[in-house]
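Residue numbers (the numbering used here), protein chains in the order written: chain A, 1 to 352; chain B, 1 to 302; chain C, 1 to 236; chain D, 1 to 415; chain E, 1 to 263.
Be careful, since some hints might not be right.
[Stated by the list, open to error] Here are the simulated lysine to any residue pairs, SDA-like style, with alpha carbons at most 25 Å apart:
#1 A:Lys-146 to B:Ala-99
#2 B:Lys-94 to D:Gln-6
#3 E:Lys-69 to E:Arg-129
#4 A:Lys-267 to A:Asn-39
#5 C:Lys-72 to C:Lys-154
#6 A:Lys-275 to D:Glu-372
#7 D:Lys-198 to C:Gly-27
#8 E:Lys-254 to C:Phe-174
#9 D:Lys-65 to B:Gly-63
#10 C:Lys-55 to D:Glu-34
#11 D:Lys-242 to D:Phe-111
#12 B:Lys-176 to C:Ser-136
#13 E:Lys-78 to E:Asn-7
#14 B:Lys-176 to C:Thr-108
#15 C:Lys-230 to E:Leu-202
#16 C:Lys-229 to E:Glu-133
#17 B:Lys-94 to C:Thr-108
#18 B:Lys-132 to A:Gly-250
#19 E:Lys-81 to E:Glu-59
#20 A:Lys-9 to D:Ala-115
#21 E:Lys-254 to C:Thr-108
In case anyone wonders, no lab produced these hints; they're calculated from the structure.
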Amino acid sequence: NGQGEDTVKIGVAGAHSGDLASYGLPSVKAAELVVEDWNAKGGVLGKQIELVIEDDQCKPEVATNTAAKLVGEQVVGVIGHICSGATKSALGIYKDSNIPVISPSATNPPLTKSGDYPNFFRTIAPDDAQAKLDVDFAVDTLGLTKIAVLHDKGDYGKGFADFAKEYLDQRSNVEVVVYEGIQVGAVDYSAIINKVAASGAEAIIYGGYHPEASKLVGQMRTRGMDTIFISDDGVKDDTFIKVAQDAAEGVYASGPVDTTSNPLAVKATEDHQKKFGEDPGAFFLNAYAATQALLNAIEKAGSTEYDAIVNALRSEYVETPLGNISFDEKGDAIGVGFSVYQVQNGVYVELK
Amino acid sequence: MNLDYLIQLTLSGMTRGSIYALIALGYTMVYGIIQLINFAHGEIYMIGAFTALIIATVLNMTGMPGVAVFIIAMIIAVVYSSAYGVTMEAMAYKPVRRAQRLSALISAIGMSFFLQNYVLLAQTSDFLSFPKLIPQFAFLEGARNFLTSTQIIIFAVTAVVMVALTILIKFTKIGKAMRATAQDKTMALLVGININQVIAVTFLIGSAMAAVGGVLISSHVGQINFYIGFLAGIKAFVAAVLGGIGSIPGAVLGSFVLGLTESFGAGYISSDYEDVFAFIILVLILIFRPAGLLGRAQSDKI
Amino acid sequence: MLKLESVSTYYGNIQALKEVSLSINEGEIVALIGANGAGKSTTLMSICGVTPPRKGRVLFEGEDITHLSSEKIVALGINQVPEGRRIFPYLTVRENLDMGAFLRKSKTEVQRDLEYVFELFPRLAERRHQQGGTLSGGEQQMLAISRALMSRPKLLLLDEPSLGLAPILVQQIFKIIRQINRDNNTTIFLVEQNANLALKTAHKGYVMETGRVTLYDTAENLLNNEEVKKAYLGGA
Amino acid sequence: MNNAVQELKKSLITSLWFMFLTFPIMVIKVNTVENIVNWRWSNMVFVGVLSFIISYFWRGMLRKKERGDKLFDLSRFMPAKLRDLDLRETLSDKKIARPVLAVLLVAALVFPFAAGMYQTSIMTTALMYIILGLGLNIVIGLGGMLHLGYAAFYAVGAYTYAILHRDFGIGFWVALPLGAILAMLFGMLLGFPVLRLKGDYLAIVTLGFAEIVRIVLENWNDFSSGPSGIANIPRPSFFGMKLSLPNATIYIYMITLALVLFTIFVVRRLENSRLGRAWEAMREDAIASESMGVNITTTKLTAFALGAFWAGMVGVIFAAKTTFVNPASFTLMESVLVLCIIVLGGMGSTTGVIVGALIIVLLPEYLRAFSEYRMLLYGAVLVMMMVFRPNGIIQKVRKRHTFDIKEASSGGSNE
Amino acid sequence: MSNTVLNVENLTMNFGGLRAVDDVSLSIKKNEIVALIGPNGAGKTTFFNCVTGVYAPTEGKITITPPEKSSEVINGLKPHKITEKGLARTFQNIRLFQNMTVLENIMIGRHCRLKSGILGAIFRSPATREEEEKLIHESYAILKKIGIERYVNDLAKNLPYGAQRLLEIARALATDPFLLLLDEPAAGMNPNETRDLVDLILRLRENEDVTIFLIEHDMSLVMTLSERIYVVDYGQLIAQGTPDVIKQDKRVIKAYLGEEVHA
Ligand SMILES: Nc1ncnc2c1ncn2[C@@H]1O[C@H](COP(=O)(O)OP(=O)(O)OP(=O)(O)O)[C@@H](O)[C@H]1O
Ligand SMILES: Nc1ncnc2c1ncn2[C@@H]1O[C@H](COP(=O)(O)OP(=O)(O)OP(=O)(O)O)[C@@H](O)[C@H]1O
Ligand SMILES: CC(C)C[C@H](N)C(=O)O
Ligand SMILES: [Mg+2]
Ligand SMILES: [Mg+2]
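Taking the hints into account, I'd like the entire structure generated from these sequences.
Pasting the structure below:
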């Protein structure tokens, strides 16, 4: 497994082209930044780290080939994949080849909960956890009773929305007045917005990512609708505020605890600015954390053996932009607390 | 439900319809003249939007008034999209004009991949926000629930473009040359039409309209990335076929039917199946009118 | 006026014209007859630059037009009524005629010619707003000729103008061909399957076989030539 | 000499044009958030130089193509004897063709043992696309119907296995024929209403149908598990044994290879049958063939259904190979790729489909070396192949029914 | 009436507002050669199209009586059904299968007389093989009858025009018709070729036991060949009778023949 060579190879896999490239490319940059840092400090286990970057276009069928390629390249671990679907199809191959995988973004709950993939870890919360947090917040904190649940029909967005609806349905005095998927990439959302308005919903809980969210919020606010907007960590991204601008004010979104002030996060973002001349994109910090966790585990394990790395991942804590994290038995990150944020004066502010 | 809701859905359907129409017109013109499903037409629209975004952002920093920025950005986007359209035709379609018809389609698909990735690499994969250049019109304050200023502009521009195009096709010399070329290329040659030039002009006009669409939508939606052309292109293609591909009024009608179907489908039934409604309407219409709403039945004389 | 010097034309690798040479003087009606597939239509298309010759030269009024593009050739005053009429089916009669005058600038002259063709074919004047595709075969043939006349050709190329027409129309069309030649001094190069009528109308004629010109004479002589009689006139 | 100057001038103009064309997108990069503008003038120089060079060669190649010359004349490097051989003729000689095919087959059989898992895996994908291409070729190349919804049938096959396994524990070998037959039934179901549509109208309706199938799979959670898909689909078992990953990979490769051979066999036989003739006649002239007694409806329907059959079968393999299915795998792009395969390869030709599939599937894999430029190059290659070889790489040589006059009394040949 | 093979009553065909065929009735007896003439656009081809099922007529009744079978109404049947019942046609604008060989064109003509299906094709059952073998021989025999067997292996599109017209007839003949409808068989042929065609048609009637119904503008052919002529103008039947009667008919001369009557 990569030993005996003079470098340690790490795979980075995800959507690097096609419609979902914007979720995959930031993780490449994150991995590059972390590896640059480590290599500058002497690498891992005394060897330089080499990245093997492979595109899977978020397609399960391509992902199996990508995985086979990475296995052939003898990587010791993989950062990725980006989409849950592609991850699931690739995991079988990594599992049989004893390669640990850390995804920055694959949020589908069964990936960890099913126990099918002992080699899988992630630096992001599964869909259900956030859904619960958001529902509790909406019902208990804000005291809402009529809620519209929307999603983007994707595995992440719909997964989240399904859980949100399930939790809402368990509550007695809350009514889900609209439950629907919206068309990603559509040129206009006024039909669904009108529908929400007509339903009398006090709030929208939205499962999906920031581009759609900012279109929705933007169009709602121009129409003078002030329906509360609550979403997931796909939206808890600074890009959302920058794109939606004024309309973002007041929007709630759940996300990992306390990231903006985390010095590592600040540094990562600054490094990105310095190197690439722009702000990082989606899941950048998650990928940054994943890479650090993997390298740290290798270092701590003192070996590139599968068992050693996996043990280290489960036992060793590591300082990342997401906080001081480790992984539980199933592969979900420990130490990434989740809380609800609100956009206030153009920044996400954590609500304690 | 109530009347307000109906009006709202109608207006939102018309917004979509107008936008589809601007893209579908280019599709239909190109199809009409060289029977090519120009898969890369959506990319021209995307490039128009990107060019406008870049120019607008640069100009915005100079403190120019928003409306002026908008107009200049629109003009430059139109120029660039047209240039891309014409170049694309010359490079990728003209050499395959005499080959089997599907070759040009594959060439168009290749072009679409190329242009998407070109923008992805040269710019970014992320969504960029389009500067807000059009203020909310004061007189619309009362009708905020129904209409926004960008919607009004979209309607107005679409109407103007459509009328201009109709006049161009029906009454000008180049318009007639376009129709003649579409109907019989050899004969067009024989009456002295330079068909290469006519085809180039068709691409130019189609691309220009796509750019107009691109700029309008981007300012309505507020953000763009390199991939927006794909879905818009498919939708416009559906609209063009629905109306009868090759027919200019058909493209407009098809777009509105499509926009309204989606809007009513989403509004009264469920947006989960928004596209399903669109495609079911398409299938139904084509079953009863196999050449689309305003298409000419291709009854070949036997 | 028009001269072809050893013109060879190919469709891909198939050679359709083999060193064809012929010449036409101003004011003449010249007939080109020959069996099916002999290359008559190809000859006309080569003159018009639609299928440019690979070898040889085409001279028009002394100028080499072999490699000019079609629109330039049309502009010089050569126009063709192609095989199968090729009416623009969705343009009206009037618009079809306008297309004939596509390259002309002077509106008043175009208007005058329009009146002339309407006089020639009153039927077309009646149908001026009808779509070309819906005309009957004979009407389409009239329209095709009129469209060509609208460009004020010095040389008019006619490709099988009588094909598929009712007998009464065939007579009419040939009458008009003679009339155009007489009235406007338009030179006419006529390709016909109906050799009998063609040679009766023409001043001189060429016979073509499998891509080659095999015979050239005055129309009268050709009509009396035994071989021509046997092959093309149905004589015993 | 003058010519060369002319050429350089043309290239210069092209280069200037491209510098203009790419100016906003290549040179200016705006940060819409921070409102910073980054002027990348070096890109302009880069575009200028590159387009100068490309334009020079591009025109040279176009001229070659016009003249009908070979673009890359390999024969220059061959000994004289070989040069005179017409490859096509040589290969149609059975004495030569048989050993060549045998060698190819042995190579195909040995391949997975010699190559690594990755190579085997992508080659399996290529083989799958060969079957898809051959199947779609029945509809497009033979039946003459432009079909843009092929992925739907592929999805039917994949979901057949996924769901039957999830709910009833049904294995690969049972699912394989079931998936194919189910897809075929779907093909007929779609066929009935749409067959009277022509050309691009048919294309758009099939496209719509495929999207409907995909959207239903996305929304109908209870049935298809929605967008999150169905995971843990088993790879095919070998007489009840579960194979290790590398062995399973080889095993799937072998199954697919066998199916490719099976498909080629069946498609060839169909082509050269009464039905195949009817397809061809229908494609040439539907009205005439109908007037000659060909039932257009059933003829079209069989083409549709038979095309769907292979897609369903490959769908099952897909599910088994990927071990996971979700609706995202069956988008329009998938249908389009298969279409690319048959057009690129040369419509109607079996060899063409094979070559096309190898290019379409393997090219992006081998372009991985160019990392982020890979899809850009892929698009460019598609365009170039069409521009320089517009009728596909392998042009179809149709098997013709001919009649040997010499043996007119003794019997006809059907070569 | 007993030997009438085709009987058309009050046939009308509308295209939108255009009445292309207007209340036409006619009948054709066994082994006759009948011509349908009329000005361009009179509705002759449309009439054929209605009879052969290409168009479903707006009104009217078309009855056929195949030899040794009972009469049946064929309105609205699909073209392939009508062909199966024994009507075959050629097209005014040649519609051959251009990229197929001459032999294959004939084989398609025999399509409806064959049986083998998908499974037969895949497994090449002996029955299928035998059928194919027989087919090739039969097809060649048909070419010989028409006299174009020397083109047997050429692509249809490479045939001289006259031969293409003959191939159309051969292909129609391959469907085993009792009634052959020929739409302008002599169009584009020179006088020599036309004369051969006349001989061929007469021969077919003798040897193949077919009835012939044809449309033609070449009066030499029409007048020598046909026993009866129907004349249509603007969709309506304006005259009928023997060639001699028609030649003298004032209305026909005015609408169609013109003053200088040929042949
Ligand atoms: N587009 C084409 N592609 C290939 N070959 C062609 C094409 N057009 C014509 N030919 C061939 O060129 C030769 C000459 O054809 P052409 O049409 O000039 O003959 P023609 O004398 O006009 O015959 P007709 O009397 O049938 O009109 C023929 O053998 C024909 O098959
Ligand atoms: N499919 C159709 N749609 C609309 N009109 C049609 C159609 N087919 C024929 N027509 C019209 O019906 C009329 C009769 O046409 P038809 O082809 O039957 O004439 P014809 O007698 O065969 O003439 P010709 O001698 O020129 O072949 C014409 O006016 C024609 O334009
Ligand atoms: C990039 C996204 C589509 C990934 C998503 N979070 C998933 O679980 O698949
Ligand atoms: Mg000709
Ligand atoms: Mg007719």
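Results for each hint:
As the CA atoms of A:Lys-146 and B:Ala-99 are separated by approximately 60 Å, the hinted pair breaks the 25 Å bound. For the proposed pair B:Lys-94 and D:Gln-6, the alpha carbon gap of about 22 Å is at most 25 Å, so the pair holds. Our distance criterion of 25 Å between C-alpha atoms is broken by E:Lys-69 and E:Arg-129, whose separation comes to about 31 Å. This hinted pair checks out: A:Lys-267 and A:Asn-39 have alpha carbons roughly 17 Å apart, not beyond 25 Å.
As the CA atoms of C:Lys-72 and C:Lys-154 are separated by approximately 14 Å, the hinted pair is consistent with the 25 Å bound. Of the pairs offered as hints, the one joining A:Lys-275 and D:Glu-372 holds, with about 17 Å between alpha carbons and a cut-off of 25 Å not exceeded. Simply put, D:Lys-198 and C:Gly-27 have alpha-carbon atoms about 49 Å apart, too far for the 25 Å limit, and the pair is violated. Between E:Lys-254 and C:Phe-174 the alpha-carbon distance is near 18 Å, which keeps this suggested pair within the 25 Å criterion.
Distance hint between D:Lys-65 and B:Gly-63 is unfulfilled; the C-alpha atoms sit about 53 Å from each other, more than 25 Å. Proximity of C:Lys-55 to D:Glu-34 is assessed by CA-CA distance (about 65 Å); at most 25 Å being required, the pair is judged violated. Of the supplied pair hints, the one linking D:Lys-242 and D:Phe-111 holds, its CA atoms being roughly 22 Å apart against a limit of 25 Å. The hinted pair formed by B:Lys-176 and C:Ser-136 meets the criterion: a straight-line CA distance of about 23 Å does not exceed 25 Å.
A hinted pair counts as satisfied when its Cα atoms are at most 25 Å apart, and E:Lys-78 with E:Asn-7 qualifies at roughly 18 Å. At roughly 19 Å between alpha-carbon atoms, B:Lys-176 and C:Thr-108 fall within 25 Å of each other, so this suggested pair holds. Proposed proximity of C:Lys-230 and E:Leu-202 is supported: the alpha carbons are some 23 Å apart, at most 25 Å. Straight-line distance between C-alpha atoms of C:Lys-229 and E:Glu-133 comes to about 45 Å, which puts the hinted pair past the 25 Å bound.
Among the hinted pairs, B:Lys-94 with C:Thr-108 is inconsistent with the structure: their alpha-carbon atoms are about 37 Å apart, more than 25 Å. At roughly 20 Å between alpha-carbon atoms, B:Lys-132 and A:Gly-250 fall within 25 Å of each other, so this suggested pair holds. Using a Cα cut-off of 25 Å, the hinted pair E:Lys-81 and E:Glu-59 holds, with the two alpha carbons roughly 20 Å apart. The straight-line distance between the Cα atoms of A:Lys-9 and D:Ala-115 is roughly 21 Å, inside the 25 Å bound, and the hint therefore holds.
Of the supplied pair hints, the one linking E:Lys-254 and C:Thr-108 is violated, its CA atoms being roughly 38 Å apart against a limit of 25 Å.
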